[in-house]
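Undergrad: Read left to right, the sequence shown gives residues 51 to 359 (my numbering).
These are computed hints drawn from the structure, not numbers from a lab. Just so we're clear, the structure is a prediction, and the values are computed from it rather than from any experiment. Beta carbons: idealized from backbone N, C-alpha and C, even for Gly. Check each hint, because a few of them may be wrong.
Listed next, the in silico DSS-like pairs over lysine-lysine satisfying Cα-Cα at most 30 Å (straight line) [stated by the list, open to error]:
1) K217 - K330
2) K140 - K303
3) K303 - K330
4) K140 - K162
5) K286 - K216
6) K217 - K140
7) K120 - K217
8) K120 - K250
9) K140 - K250
10) K140 - K212
11) K286 - K250
12) K162 - K286
13) K120 - K212
14) K212 - K330
15) K286 - K303
16) K162 - K216
17) K120 - K162
18) K216 - K120
19) K216 - K330
20) K212 - K162
21) K250 - K303
22) K120 - K286
23) K162 - K303
Label-pair distances were calculated between CB atoms; the ranges are [to be verified]:
24) L152 - D119: 21 to 27 Å
25) A52 - P143: 21 to 27 Å
26) E110 - R336: 37 to 43 Å
27) G270 - T109: 27 to 33 Å
28) A52 - L131: 26 to 32 Å
29) Q214 - E166: 24 to 30 Å
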Amino acid sequence: MASQVPISAGLNQSSPRMRGATPGKPFDNEEHIFSGLDRDVFDSANPAPYVEGIARGLTENFVRQISADKGEPEWMLAHRLESFRIFQEKSLPTWGPDLSRLDFDNIIYYAKHGAEETDNWEEVPEEIRRVYDRLGIPEAERRMLAGVGAQYESEIIYHRLKEQWKKQGVIFLDMDNAVQQYPDLVRQYFMQCVPNTDHKFAALHGAVWSGGTFLYVPVGVEVQDPLQAYFRMNAKNMGQFEHTLIVVEEGAKVHYIEGCSAPKYGSQGLHAGLVEIFVKPGAFVRYSSVENWSRDTYNLNTKRAIVER
């Protein structure tokens, strides 16, 4: 028997600079992980020349371009196009916040900084490194994390999993690489927990998603330290649509932490990420999220888990 569980995990307080976390205790240290939050860390933005010339708004051709840039299989392109059609047809939700002022035609739906993904922190461009250094991400990785991912705008720029967990069959990749390396596994679960018909922003996500995390924990493996991913929006009017897909097999155990932020601009930004978690019988998953959004960012995530008993 499986049950769907909506996740209410966002702590919309301040930026997740992690201090004092205790290694080896991923299921007892949440209080430490969220201590020492500093709201001022992310109020400034880096220059964003990479968005110059990028068209605002969304068209079918732009959706096709995203898929082509990523070299995706046909099934993913078909899913994007179906999602775009549903997005056009669906009305704005009448529940929740007032969205009448959200201007879809002024959002940048996909932008790449230009940095190649790496598992070596020193290869990350210096101006991006400074942002994450202020977060404490490299320090946290050394001290108490089993793996780390970092996304800047639409693409992952850093991703690493400790070798001991690779040897036990844990898969911790950005979603774009997961689609290429594990297409059957991704296709089995992708947007099955939150379908693109759920609401307008689920459909939008299905059309333009980029980046995010794929985490798979095999039967009986207990990951002793947390894994973390951090998603940073930087450019004015940016949209970010990372996809988090977590599958934890029977008797396995994991703690996954996400952090998100955007600078203050005084102009609209849009964050519509999506989190899907599949928990098999006897498995244990702890999902934690720390988010620091400015008042001009529409944060319209959908997070859900299917828990089998």
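Undergrad: All the hints need checking, so say for each whether the structure fits it.
TA: Hint check:
1. K217 - K330: 21 Å, holds
2. K140 - K303: 38 Å, violated
3. K303 - K330: 10 Å, holds
4. K140 - K162: Cα-Cα ~28 Å, so holds.
5. K286 - K216: 38 Å, violated
6. K217 - K140: 45 Å, violated
7. K120 - K217: 28 Å, holds
8. K120 - K250: 24 Å, holds
9. K140 - K250: 5 Å, holds
10. K140 - K212: 43 Å, violated
11. K286 - K250: 23 Å, holds
12. K162 - K286: 14 Å, holds
13. K120 - K212: Holds - the C-alpha atoms of K212 and K120 are around 26 Å apart, at most 30 Å.
14. K212 - K330: Cα-Cα ~24 Å, so holds.
15. K286 - K303: 39 Å, violated
16. K162 - K216: Given pair K162, K216 holds - Cα atoms ~28 Å apart, limit 30 Å.
17. K120 - K162: 12 Å, holds
18. K216 - K120: Holds - the C-alpha atoms of K120 and K216 are around 25 Å apart, at most 30 Å.
19. K216 - K330: 20 Å, holds
20. K212 - K162: Holds. K212 to K162 sits at ~27 Å (cutoff 30 Å).
21. K250 - K303: With a Cα-Cα distance of about 33 Å, the restraint between K250 and K303 is violated, given a limit of 30 Å.
22. K120 - K286: Holds. K120 to K286 sits at ~24 Å (cutoff 30 Å).
23. K162 - K303: 34 Å, violated
24. L152 - D119: 21 to 27 Å: 26 Å, holds
25. A52 - P143: 21 to 27 Å: Roughly 25 Å apart at Cβ, these two residues keep to the hinted range, so it holds.
26. E110 - R336: 37 to 43 Å: 39 Å, holds
27. G270 - T109: 27 to 33 Å: 47 Å, violated
28. A52 - L131: 26 to 32 Å: 29 Å, holds
29. Q214 - E166: 24 to 30 Å: 26 Å, holds
Checked against the numbered hints above, the structure violates hints 2, 5, 6, 10, 15, 21, 23, 27; every other hint is satisfied.
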